[in-house]
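As you go down the protein sequences, you meet chains F and U in turn. Under my numbering, the residues of the first sequence are numbered 6 to 401, in order. Under my numbering, the residues of the second sequence are numbered 6 to 401, in order.
One thing to keep in mind: the hints can contain errors.
Pairs involving identical chains hold if they fit within one copy or between any two copies, as the list cannot separate such chains.
[What the hints assert, rightly or not] Derived DMTMM-like pairs (lysine to aspartate or glutamate); straight-line CA-CA distance at most 25 angstroms:
id: 1; residue 1: 249; residue 2: 126
id: 2; residue 1: 249; residue 2: 171
id: 3; residue 1: 249; residue 2: 264
id: 4; residue 1: 249; residue 2: 357
id: 5; residue 1: 249; residue 2: 142
id: 6; residue 1: 249; residue 2: 336
id: 7; residue 1: 249; residue 2: 137
id: 8; residue 1: 249; residue 2: 181
id: 9; residue 1: 249; residue 2: 236
id: 10; residue 1: 249; residue 2: 20
Quick caveat, the hints were computed from the structure, so don't treat them as lab data.
2 protein chains.
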Amino acid sequence: MTDFAATRAMFHIPDGLVYLDGNSLGPLPRHAAERVARTVTDEWGEMLIGGWNGADWMAMPGRIGDRIGRLIGAEAGHVTVGDTLSIKVYQALASALAMRPDRRVILSDTGNFPSDLYIAEGLIAALDRGYELRVVDPERVADAITEEVAVTMLTEVDYRTGRKHDMAALTAMAHEHGALTLWDLAHSAGALPVNLSGCGADFAVGCTYKYLNGGPGSPGFIYVAPAHVDETQPALSGWLGHEKPFDFALNYRPGIGIDRMRVGTPPVLALAALDAALDIWDDVDMDDLRAASLTLTARFMDGVEAACPALTVVTPRDDARGSQVSFRFSEGYAAMQASIAQRVVGDFRAPDIMRYGVTPLYIGTDEIDRAVETLARIVEDRLWDAPEHNRRGAVT
Amino acid sequence: MTDFAATRAMFHIPDGLVYLDGNSLGPLPRHAAERVARTVTDEWGEMLIGGWNGADWMAMPGRIGDRIGRLIGAEAGHVTVGDTLSIKVYQALASALAMRPDRRVILSDTGNFPSDLYIAEGLIAALDRGYELRVVDPERVADAITEEVAVTMLTEVDYRTGRKHDMAALTAMAHEHGALTLWDLAHSAGALPVNLSGCGADFAVGCTYKYLNGGPGSPGFIYVAPAHVDETQPALSGWLGHEKPFDFALNYRPGIGIDRMRVGTPPVLALAALDAALDIWDDVDMDDLRAASLTLTARFMDGVEAACPALTVVTPRDDARGSQVSFRFSEGYAAMQASIAQRVVGDFRAPDIMRYGVTPLYIGTDEIDRAVETLARIVEDRLWDAPEHNRRGAVT
Numbered sequence: 006m007t008d009f010a011a012t013r014a015m016f017h018i019p020d021g022l023v024y025l026d027g028n029s030l031g032p033l034p035r036h037a038a039e040r041v042a043r044t045v046t047d048e049w050g051e052m053l054i055g056g057w058n059g060a061d062w063m064a065m066p067g068r069i070g071d072r073i074g075r076l077i078g079a080e081a082g083h084v085t086v087g088d089t090l091s092i093k094v095y096q097a098l099a100s101a102l103a104m105r106p107d108r109r110v111i112l113s114d115t116g117n118f119p120s121d122l123y124i125a126e127g128l129i130a131a132l133d134r135g136y137e138l139r140v141v142d143p144e145r146v147a148d149a150i151t152e153e154v155a156v157t158m159l160t161e162v163d164y165r166t167g168r169k170h171d172m173a174a175l176t177a178m179a180h181e182h183g184a185l186t187l188w189d190l191a192h193s194a195g196a197l198p199v200n201l202s203g204c205g206a207d208f209a210v211g212c213t214y215k216y217l218n219g220g221p222g223s224p225g226f227i228y229v230a231p232a233h234v235d236e237t238q239p240a241l242s243g244w245l246g247h248e249k250p251f252d253f254a255l256n257y258r259p260g261i262g263i264d265r266m267r268v269g270t271p272p273v274l275a276l277a278a279l280d281a282a283l284d285i286w287d288d289v290d291m292d293d294l295r296a297a298s299l300t301l302t303a304r305f306m307d308g309v310e311a312a313c314p315a316l317t318v319v320t321p322r323d324d325a326r327g328s329q330v331s332f333r334f335s336e337g338y339a340a341m342q343a344s345i346a347q348r349v350v351g352d353f354r355a356p357d358i359m360r361y362g363v364t365p366l367y368i369g370t371d372e373i374d375r376a377v378e379t380l381a382r383i384v385e386d387r388l389w390d391a392p393e394h395n396r397r398g399a400v401t
Numbered sequence: 006m007t008d009f010a011a012t013r014a015m016f017h018i019p020d021g022l023v024y025l026d027g028n029s030l031g032p033l034p035r036h037a038a039e040r041v042a043r044t045v046t047d048e049w050g051e052m053l054i055g056g057w058n059g060a061d062w063m064a065m066p067g068r069i070g071d072r073i074g075r076l077i078g079a080e081a082g083h084v085t086v087g088d089t090l091s092i093k094v095y096q097a098l099a100s101a102l103a104m105r106p107d108r109r110v111i112l113s114d115t116g117n118f119p120s121d122l123y124i125a126e127g128l129i130a131a132l133d134r135g136y137e138l139r140v141v142d143p144e145r146v147a148d149a150i151t152e153e154v155a156v157t158m159l160t161e162v163d164y165r166t167g168r169k170h171d172m173a174a175l176t177a178m179a180h181e182h183g184a185l186t187l188w189d190l191a192h193s194a195g196a197l198p199v200n201l202s203g204c205g206a207d208f209a210v211g212c213t214y215k216y217l218n219g220g221p222g223s224p225g226f227i228y229v230a231p232a233h234v235d236e237t238q239p240a241l242s243g244w245l246g247h248e249k250p251f252d253f254a255l256n257y258r259p260g261i262g263i264d265r266m267r268v269g270t271p272p273v274l275a276l277a278a279l280d281a282a283l284d285i286w287d288d289v290d291m292d293d294l295r296a297a298s299l300t301l302t303a304r305f306m307d308g309v310e311a312a313c314p315a316l317t318v319v320t321p322r323d324d325a326r327g328s329q330v331s332f333r334f335s336e337g338y339a340a341m342q343a344s345i346a347q348r349v350v351g352d353f354r355a356p357d358i359m360r361y362g363v364t365p366l367y368i369g370t371d372e373i374d375r376a377v378e379t380l381a382r383i384v385e386d387r388l389w390d391a392p393e394h395n396r397r398g399a400v401t
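Using the sequences plus the hints, can you model the full thing?
As structure tokens, then:
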């Protein structure tokens, strides 16, 4: 049984803060501070260039990729870390399109995070070969998978509502129609059990600064299924994705396996923080996490429904949800600022969504109850009319 | 007059080490350690999501870009920092090709860093519209600029030999033929004065972990000339390059000016280290730096030429060089390992180049003389035959 009191003790949470925004930026794992300091002073400071081999910096993307891989059901050696999620979407999408040369449709939905859609638009414009980005409502995705679709590009958990797609079913459906799948796990990795290999997913990408607590702007990751990795031709063919980077050959040859999805020099300081953050997961059972998450999110929704009739729960009540709860409220922006001023931190997503991340690693029933009470008081007293409540949250 | 004793005191250099590999990875600026620690504990730890606005994380790419811009002669507001150099090459190249739709040649040379060539290959393969990467010898570039050329893609300073292109002349020549220019400043930024605006350069990219001392894997940067920036259509159209990222609109609209070259979430910890490293440049006059660099590199070459007849100087003796010296030596790999074992650190580049970076911020005549003496002793005594000399350096 996962000891959530133990995991909670591994984070630095400022006194009195109820932090329900870990789905945007996870809090600081205490030992990450020490780990980063050691990387700076003992490794960069003392080893200098020798750190690339001596401190194993060069191997970090694959080694850390495997640590994430364990949390998302990836086969060992099939995840690498680096760049940003947007870059990783580009890589995966370009590879997928090249594998389905006779098809011209990228299928996505309006619940996808905009950056994924933007990246697809940019790729389509650059390729200029008549590709179409077809964006449908989330509940219409299954019906929209046809023989025209080269790849489905979906975020498993909707960043606004928390609605969760059925990865296994949609992947199977895509395959029946000869399409490939690209899953964005931004709101899944570290939020709930994911089983990429079990679902037969083709490509997956994600970020590490949300539920994985890697720190502000920590790198993205990419997964390519074993069946495909050796046939993908990287569009972003950088030297560290080369088979032998240190031969400095004039021509590109893709690296072995997932290494070809590396691009440039790895971001060592960021990787050190992320590596430390991942230590916390060593003793976490993902099924325990899921059970705690479902209990806490249900408690949150029940509480708000009972105490705040003006708010509408938009997160699914069945299990088809991620690890967040969202409420629709016409005064949502102002109410969220008031909540933050009361030290209960969630965030706001236009036009009217109040969003709270629920992270059992450091959030329990006390925090949920305090959030509900605070929200009820704010709504009841229209606290946002008070002039001191005018702060901004930021970033997904 | 720049006070190089003062700049030297700002770095941590391990006792007794002669570090001539700052063209691969710059050493640790002492106050960068403290700055990173503060970013981790006081900003990430205490401000959490509020750091994006409260600690100004979101503005770092442009603000730090301007600090670099000052060192490379860029107009204010035309440099942004993020991703890696390879990604920035891709962005610049894709933009340049789109601006010359009737041309099909990317002109580069064999002195370019391989990753730039690889990225061009990958882009060409993805576009699949008959583009050609034409790679000529460095001394043949001028003659090879024709009306076929869409863009010249050149690294100003050759990473192996230190040979420096004439940026002003080649840029003018490219423009006469209707071509655009993309300059890679990996071995220029912080190594010598660069005048992008004076040369009329169109695009430039660079990395920050070499002469700028930003730390292992610190981010790349990109410059787009004022005349072009508003017409470039980003191929890597990520959400932070969007005009209004926090509107979460479903369609991409490029951001204002250089901001459109942003892609994903900025790497805050890496940016904090880089920002601290750039403080050192506030009191450095680039002409003083250049004068010191030319004196030190000449002294190095003179010394080796006198003391080590077996080595051939391959760095130009006139001023057409960067801030490194390179020697050709058939036993170069083994000799460099022996030198590193003697605590004089340079690096080796296949097939036979011994390479030393010369960085006046923390290297003076004493270090140059010790490097020459050490090298002379190693070559004289064939010290590499001793079994304990078997270490590896790494990374450009």
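Checklist line | Index of numbered hints that the structure contradicts, given in increasing order | finding: Violated: hints 2, 8, 10.
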